[in-house]
Amino acid sequence: DPGSSEQQAASSPTIDFFSPDFDAYAALMSPGLQPPKPKVKPLDTVAQCRRILPQEVDGSTAGAPKPAERSAHSVAAQERARQSSREAAARTLRLQAREPILQKMAFAVSEQGPFGVLRRCYQNKQRVKVVTRHHKGVRGTCIGFLMAFDKYMNMVLRDVDEEYTVLIRVVRQCGQKTRDAEDEQSTTGLKTRVCRKQEHRKRHIVQLLIRGDAVVFVGQVD
Amino acid sequence: EEEAALPSLAPDKACRAVHGCVTAWQLRRMSRHVPRSERSLVCVLQAMIGVEVLVELRSDRYLKGMLKDCDDGMNLTLEDATSWSEPTPEDKSGLLPVVFIRASTIRFVHLPPDLDISKAVEHQRRVRQQVSRGSRHSVQPAQSGGKGTEKQEL
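Top to bottom, those sequences are chains A and B. Sequential numbering of the first sequence, starting at 3, is according to this note's numbering. Sequential numbering of the second sequence, starting at 318, is according to this note's numbering.
Excised from the complex, chain A in its bound form (with noise of 0.2 Å):
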């Protein structure tokens, strides 16, 4: 009989949830035993319990006057607060989810044409050799990964094998080769000449960023 049962599940003092015997852990283990009051909101902070406390013990505030209600004025400013904390959390989703700025200059550029190729090679992360100029012609090549690009061919690669020519200026003596050589006096019309000599050169660099219009020309390397 259900009526028994429940009597006798009563009066065990251990499950009674009004006796001093309470168990809390014998009373969760007992399968179907519901609270009296199942839908109560429990009690979560010491203030809270202060409420229920009978008014003489010391520490109640059973009969303290409620908080006043609040003005429209606060509840609108909590709703204003509100309302920029969502739309914080809105913003911060969308920067997220954004197209990083790189990929996005990368890309600003068309499929066709001569950006093409710079696109493709940057997509399949391929290595590129761009040649380099100086003022008065080819500097030299440039052959390393392409990292990132824009409009103006401005590059930045990586794990750059540099192979470059620089000018540089050398002191020379150039003798005056006169008619008469066996002349001892050949001699005097020595003059030092400065003569402009390429010196090819070879560095690796790790990381290098190559401004647009130093370039010449980009092309693939397989």
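Please note that the accuracy of each hint is not assured.
As the list claims (entries may be wrong) - Only pairs whose alpha carbons sit at most 25 Å apart, straight line, appear in this in silico DSS-like list of lysine-lysine:
{"no.": "1", "chain 1": "A", "residue 1": "K153", "chain 2": "B", "residue 2": "K436"}
{"no.": "2", "chain 1": "A", "residue 1": "K199", "chain 2": "B", "residue 2": "K409"}
{"no.": "3", "chain 1": "A", "residue 1": "K127", "chain 2": "B", "residue 2": "K436"}
Simulated from the structure, these hints should not be mistaken for lab results.
Use these hints to put chain B onto chain A, whose structure you have.
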């Protein structure tokens, strides 16, 4: 009086003047606006302000110093720079306190090898947006958002 002033203003500006807000399409345009620095690789250099860089000029000259400022046209300001020439690298100048480099004279900028340019550029963009929004919005939410994205990327 206000109604008399309205017809002379453009409709959007009138809206702003009267209501103190912007129209929807203005908002969309503002959100689509890409700052000039982000339209070219100048953003990479701006992310490196405060880092020591080596700038190679078209005149075969090197300038190594701390990058103080980089403007939208890639003109650079270096601090405490040493200078030497490509043909004679041993002949280094003393410390030059402030050096202004015109953008058109730059050939290469040697970046530090451990720098991840995409991360640096994204971080710089977040910082710039926080600054433009003002100190009212604290740093924490954006940074925690940034850290969250970094975790996701990893």
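Hint-by-hint comparison with the structure:
1. K153(A) x K436(B): Satisfied, since the Cα-Cα distance of roughly 21 Å is no more than 25 Å.
2. K199(A) x K409(B): 22 Å, holds
3. K127(A) x K436(B): 17 Å, holds
The structure is consistent with each of the numbered hints, conforming to all of them.
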